[in-house]
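Engineer: Sequences listed follow chains A and B, in order.
If you're matching positions, the first sequence starts at 1 in our numbering and goes up one per residue.
If you're matching positions, the second sequence starts at 1 in our numbering and goes up one per residue.
To be clear, the hints were calculated from the coordinates, so they are not data collected in a lab.
These numbers come from a predicted model, not from an experiment.
Be aware that a few hints might be false.
Said to hold, decoys possible - Straight-line C-alpha distance at most 25 Å; calculated SDA-like pairs for lysine to any residue: (1) Lys230(B) / Glu123(B); (2) Lys68(A) / Thr104(B); (3) Lys77(A) / Ser21(A); (4) Lys156(B) / Ala216(B); (5) Lys230(B) / Ala8(A); (6) Lys176(B) / Val100(A).
To be verified - Pairwise CB distance ranges, derived in the manner of DEER restraints: (7) Tyr270(B) / Lys108(A): 57 to 67 Å; (8) Lys108(A) / Ala232(B): 20 to 30 Å; (9) Lys131(B) / Phe28(A): 45 to 55 Å; (10) Ala232(B) / Glu37(A): 18 to 28 Å.
We treat Cβ as the ideally placed atom computed from N, Cα and C, and that holds for glycine.
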Amino acid sequence: MSKNYYDASDLRKFGKITEWSEELGNKFFDYYGKVFEEGALTAREKSLIALAVAHTEQCPYCIDAYTKDGLQRGVTKEEMMEAIHVGAAIKSGATLVHGVQMMNKVNKLDG
Amino acid sequence: MATATKSLKKQGSDLAQSNKQLEILSNGIFQNGELPTFKNKISETNQFPLKAKKLEILQINVGYMCNQVCDHCHVDAGPDRKEIMTRDTMRQCLEVIKNSGAHTLDLTGGAPEMNPDFRWFVEEAAKVGIKDFIVRSNLTIIRANKKYYDLPDFFKKHNVHVVSSMPHWTRGKTDKQRGDGVFDKSIKALQELNDRGYGMPDSDLRLDLVYNPSGAFLPGDQAAMEKDFKKALMEDFGIQFHNLFAITNLPIARFLDFLIASENYEDYMYQLVEAYNPAAVKNVMCTNTLSISWDGYLFDCDFNQMLELPVNSKAKHISEFNEELLEGRNIVISQHCYGCTAGAGSSCQGSVA
């Protein structure tokens, strides 16, 4: 077993999760595949959303997967970086908006 | 990655030798059983041996000389390559074009236009009246030198179907793969072709673009890429074209060199094998194509030509061409063939499945 928590080659083994729970695994992959099909959003738009979320979730496997997926779809590095900034803006916004709660509490406790 | 200025051959690289490339493709992950060989993979669906069907496409490589040194060229083409088809070999090809049942003639290179007898050959071949006459033009050759400026008119005069490489609709990605200034020259060349009527929606003057990825990843969906290319080229430059062919980079020559140098080789081979599509095997181009090298030898495809894997037939040279003998021959395969069976498949005419 690897001494590292993350191993890039483990991504190739993702499909193996069905081996220990076939029905749930298959349902997940069916759902996953369906989500990324062309719909009201294009597959390209979904790929960029996935890339941004991969970063906010800080999932190295997802980052590898959706960087490559973006390249395959002709997404430029500028588009990828902008998508990540969207994720980062929401993350930092979500932190900072809680500042209002802090302010409320200070105002209540300390006038 | 910096764009090279010399071919692997000129650099004296080991990978310029086809036997070294074949060794890499047969060893490592394919030798230790980590990944199945192509032969074993197609045997799973009873598709081994692959057999040549009726000949439909004659693809003639008129020489490896090129004005560009693209990062991923499977030909290892460049200005320093001196392999050029002679007029005598062209005459032999013309005899075959006249007498074979092929409906498509496909001239490639290098930059085919750099062969000194290119125009003579096109004029003679056009007289035969073959249904689809393709020239694979890298576009920049049209702007490389004054002597090539009239190529769009020449193509039009002979009703040549122009198929051109265009890695991306942005300058950065295109120049990274094909060299500085390639994008601007390509755009200018496309505009000139459009001016002659090439690529217009109702025009018979066919203009198709070839997209191949700029790195160690597979091409996306051909139809979606075509839509994106059309939108961007029209909005940014008013350029129109007919179809986009999405072609997978095969792990040979300079692309193999890049994969190894960037430590992407194993991951890329995994990608190809994981994307293997048995439906694509039925339509791989080697089953209806014959590739002829600059010196007249016969191959199942342009990739096998570069790997120096000759046809498995008694007829090995254009001078010995015999359509009956060649039909039904066993196609020569190795692990590079995974490139043509990944996903929607890949051929010189784009996706096949």
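Engineer: Could you run down the list of hints and mark each one as holding or not?
Structural biologist: Hints and how they fare:
no. : hint                              : result
1   : Lys230(B) / Glu123(B)             : 32 Å, violated
2   : Lys68(A) / Thr104(B)              : 35 Å, violated
3   : Lys77(A) / Ser21(A)               : 38 Å, violated
4   : Lys156(B) / Ala216(B)             : 36 Å, violated
5   : Lys230(B) / Ala8(A)               : 36 Å, violated
6   : Lys176(B) / Val100(A)             : 48 Å, violated
7   : Tyr270(B) / Lys108(A): 57 to 67 Å : 58 Å, holds
8   : Lys108(A) / Ala232(B): 20 to 30 Å : 55 Å, violated
9   : Lys131(B) / Phe28(A): 45 to 55 Å  : 50 Å, holds
10  : Ala232(B) / Glu37(A): 18 to 28 Å  : 23 Å, holds
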